[in-house]
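Let the sequences and hints guide you as you build the complete structure.
Residue numbers (this note's numbering), protein chains in the order written: chain U, 1 to 516; chain X, 1 to 641; chain P, 1 to 100.
Hints were generated in silico from the structure; no laboratory data involved.
Some hints here could point you the wrong way.
With a Cα cut of at most 27 Å, we get these calculated DSS-like pairs of lysine-lysine [as the list claims (entries may be wrong)]:
| no. | chain 1 | residue 1 | chain 2 | residue 2 |
| --- | --- | --- | --- | --- |
| 1 | X | K374 | X | K215 |
| 2 | U | K491 | U | K59 |
| 3 | X | K374 | X | K457 |
| 4 | X | K374 | U | K449 |
| 5 | X | K38 | U | K373 |
| 6 | U | K59 | U | K203 |
| 7 | X | K562 | X | K537 |
| 8 | X | K379 | X | K215 |
| 9 | U | K373 | X | K562 |
Here are some chain X residues the structure puts well away from chain U; computed CB gaps all over 12 Å [to be verified]:
| no. | residue |
| --- | --- |
| 10 | L191 |
| 11 | C450 |
| 12 | N453 |
| 13 | D496 |
| 14 | S559 |
| 15 | I568 |
| 16 | R612 |
| 17 | G613 |
Even for Gly, the Cβ is constructed at its ideal location relative to N, Cα and C.
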Amino acid sequence: MFGLAIGHLSILLAIPVLGAGLLLFTPRRQTPTLFALALFASGLDFLWSMKILQLFDGKSGDMQLVERVAWMPAFGIQYIVGIDGISVFLVLLTTLLMPIAILASWSVQDKVKEYLIFMLLLETGMLGAFVALDLFLFYVFWEVMLVPMYFLIGVWGGTRRIYAALKFVIYTMAGSLLMLVAIIYLATRYAQTEQALTFDLLKLYGLHLPVDQQGWLFLAFALSFAIKVPLFPFHTWLPDAHVEAPTAGSVILAGVLLKLGTYGFLRFAMPLFPDAALAAGPIIVALAVIGIIYGAVVAMMQSDIKKLVAYSSVSHLGFVMLGLFALNLQGVQGGLYQMLNHGLSTGALFLLVGMIYDRRHTRLIDEFGGLWKQLPVFSVMLMVVTFSSIGLPGLNGFVGEFLILLGSFNVRPLWTAAAATGVILGAIYMLWMFRRVIFGPLTNAANEKLADLNSREICLLAPILFLIVLMGVYPQPFLQRMQPAVELTLKRMATITATPVTTDHGTRRESKRDGR
Amino acid sequence: MVTNQLVLADYNLLRWIPLIPLLAVVCNLFWGRALGKKFAGALACAAVGASFALALYVFWQLPSNGIFRDSIYTWIDSGSFRVNLSFQVDALTAVMLLIVTGIGFLIHIYSLGYMEHDEGMVRFFIYLNLFIFFMLTLVMGDNLLILFVGWEGVGLCSYLLIGFWYHDSNNAIAGNKAFIVNRIGDFGFILGIFLLVTELGRQGIWTLDFLELQKHASMLSPASIGVITLLLFVGATGKSAQLPLFVWLPDAMAGPTPVSALIHAATMVTAGVYMTARLHFLFVLAPSTLSLIAWIGAATAFFAATIALTQNDIKKVLAYSTVSQLGYMFIAVGVGAFSAAIFHLFTHAFFKACLFLGSGSVIHALDGQQDMRKMGGLKAHMPQTYWTYVVATLAIAGAPLTAGFFSKDLILWQAFSHGATALWGIGLITAGMTAFYMFRQLFMVFHGECRANDHAKAHLHESPAVMTLPLMILAFGSIFTGWLGAPEYLWGNRWDLWLRPVFGAAEAHEGSVGTEVIVTLLTLAVVAVGIYFAYAKYGRAGTEVEQRAGAGGLLYRLSLNKYYVDEIYDHVFVRPFTAISDFFARFIDPWVIDGTVNGVAAVTRGSSQVWRGLQTGNVQHYAAGLLVGTLALLAYYSGQS
Amino acid sequence: MLPVNYYLILSAVVFAIGVVGVLIRRNLIVVLMSIELMLNAVNLTFIAFSRYLGSMVGQVAVFFVMAVAAAEAVIGLAIIISVYRQRRSLDPQDMQLLKW
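In structure tokens:
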């Protein structure tokens, strides 16, 4: 357990940092070398994460590849990392999106070196937050993430970048400070009974606090995560940050960073404080449903495509929260699946918007129209992603949405029915945008000379599109590996889950692999 | 009511029926441009042809009470909820298969000619093949969720094909409208699915599999079945263009005419009927839903027919006629006569496809002209199109011994014999109106003087064989397919026999042969009256044809303007909704919610404003501050000691 | 031998002069010299006590302070020179970038 050998997850975390270190010593004029190095580091990290997936045992719900090193023993702070079915795909999503985001940053010309260093540091921060099993360590990674993102938005962003970056950092940090207080309180509570401080998540799971204390602690955690998700009405930093961030920043922000909020709920807030989570369920579900509808309604009226996508994220993440707080297997699994879906489809949407922005330097819907004629490949890809976002069966979005609504319908039929209107609204705003951008006559002369996607752009979209189709057609490899971990999490909360959904599992899981 | 059905699992041939068109899609998507228009089109036709051949083979193999199943893999598995990607073919599906692949095949061939000069021909065939794939998924899925996949998939293809000529924003808008209105229906559909799963789940049965559902349907409480079927029917009203969600179908005519024939007449719009028939075991347990369905069907049939009476766009007439005919099918569903509904679906597919393709042939000849007031006298120029059109018109009007005669008569008789006299009466009047507007169309397009402009006249030509051949085959079908379902007093209903294992003995023929004959004769009389009026008003239509149509009456204007339904929806739903959204987007979000956030920041900043005066930036002031502080501390501690 | 008080008073006076110099002089070089003055006042105290108590510790401390003072003078003067090159002024009142 404690050895000199560096574990797999530590290597995963180290690769981007080492890459950033190498970049530091590369002359800043050699832009291609810089890109190549960053791409190599993030690509290597992706390959390494594939190896981790291969080592990962999907049949077990326990933490795997756990590493434990004492860090600040006096305070019971340890370096604990581990991975389970909940985090493994989020890690993969991160490592997949990062090289894509770097490859999509070709148009960055200013301060390329620093840009790439920040990207790589951001990757470590996000990965660390996903694999950290020590609350203190988690908090460190959680905050570390903010710094590169702050610079990415603030230095390479749009015209109002400073405002957006500042808002992003202060808003998210304001939430997380309360979480820090709650974390420390938890550790001291543990010390009261066990005579030693610990931030070890797995030990703290066993701490059964009285309901009133749970309530406050849950509130502190939930606020921090709700801002990150973002749950209505804490969402207003998101459109600003998205609009101002550079393309890659938006991709990472929407693709991964938002997932940390929902992941935080699932990993920390809910199993640590089950009673409070149950009690808060109705409120959070109500906020989620409002967010679904509200996000969609507001998205519809946006004239900036990026802003539209940003508000659609509010709507989609509302679905995720709805699923998580269904507190049954279908809902949580669907929520988890939807996190991946949203990462892929919204990531791809931002990439596409970025590509068109690189060509036209505008994102206003009215500036476009009739692009199909000029950009057929772009249009087809945008179409696939649009329909993935709408939740067309056969593409990934449907599987997640369906499971979420199914799970949630079990518990709260009426709220779910209200949430399901989001399915209609989603179609309205996405198709409306799509029609105005892609269809119609090509009226704007500025659009007549646009070049279609080049092979680099096709290459970076291709894996996402492939996954969008694969996850829609054949979700089992994903769902299967999530299931045990989700079941375990639900079991931790089991004292309270009186929902009718049974989670039987047993022999038949072996038999279902043989599908031809 | 569960009949003995032979289930043959692992009939692995089935998967190839939808898979072949999908492979053609993939092939054309990646290499279509390289292959060239001709080859891509041929490939698409061949793929559907191959599916059709396979479907015929399966049909040949299938005993009437058999079910072939082909389970491919587990699609979604989450705890107790599990859905397989698997297909099944029973008697009902076999019929649908033949319609989809058979008529689909003909329309593919027709499109080779129709789309010949279109630059987007490859794209067209990709969409069309994709449609066939999803439609086959819809009819072959062995559980409700796979059906739903197909259901949404065909909606997607419909969206794409309506907006096929995307240069015109109106087409794209029509496509959007179709998809969104369908989504409203799907909202009901999916809630119905959830309720079904949840309610059965409470009994410990987690399934969406049709066979399993049929087995366990009786475990559901009547109240929940009522709600479930109602929600599912909401989905059907969307897809099958029934009141109140029919508005998208007439607009959908913006797509190329073969699409209107295939998707918006023969196959996709009948999916709602198919779905209710597929779940007949649920619907029969919900009598109140059934009667609602019947009434909505009747109202739609009547309402759409009155609109069709006055339309001047050749395709709009056919579109409203489709809505009306779908209404007939739902009347049949509503009275529990599922096999009659499917029978009408079957015959309707032939004659309506024939009519649409015929109108396409006309539009093609007139270089895109769709206004019937600018047609006329085309009989001499396009004999093949004309004669097939006549046959199909006779069929839809219900002339004796044509397909429409048998199927519509069967529905009316079922309604009458089930004691739903009011429904029957509405159906009867609608039949008369159908005859009127169809013959009106026939006369306006093919008879009288040619009112086209000289340029168009010069180009008038009969369509190539690749287009007329499908027309002839469909015209042939418009007569003889009906003979499968002849009433008992002629040579008996083979159709019903074939489908009986699926629908069981759910429908019993009551009433005497004598009454049946009288009812039939009555229908024929009404139809004859309709034809007569059409002839009297339009039979020798000249140049000023629109003046003849009793111009100016209130009812006439209501009908011509489609009862202003679109405008009403626009004012009642669309605009308020947009206004509310606008309010949220422009006021609530930036000012109230973000305003609160920024307000907190502003308060912080404002209070800092007060204190920042202390920061002069002068080092010596800070040093003085240090000194004062130090002295104060010194004084404090020396005072203490 | 003079009583230790005398040394202490002298030291206090020198220190006070240094403090006043730091606070009110408008030339950075003089300010720096005043700081040196304060340090030397402290040194004087150290030495006086060292002598008075017969302990070497105070003298050791003085060496430390002298080393620090030397380093401080080097760095401080370097900073002052570069500041002067930038702004052509040595008035601390002109250097208010930290103001709000």
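Query raised in the report: What are the numbers of the hints the structure violates, in ascending order?
Result: Those not satisfied are hints 1, 4, 8, 9 and 10.
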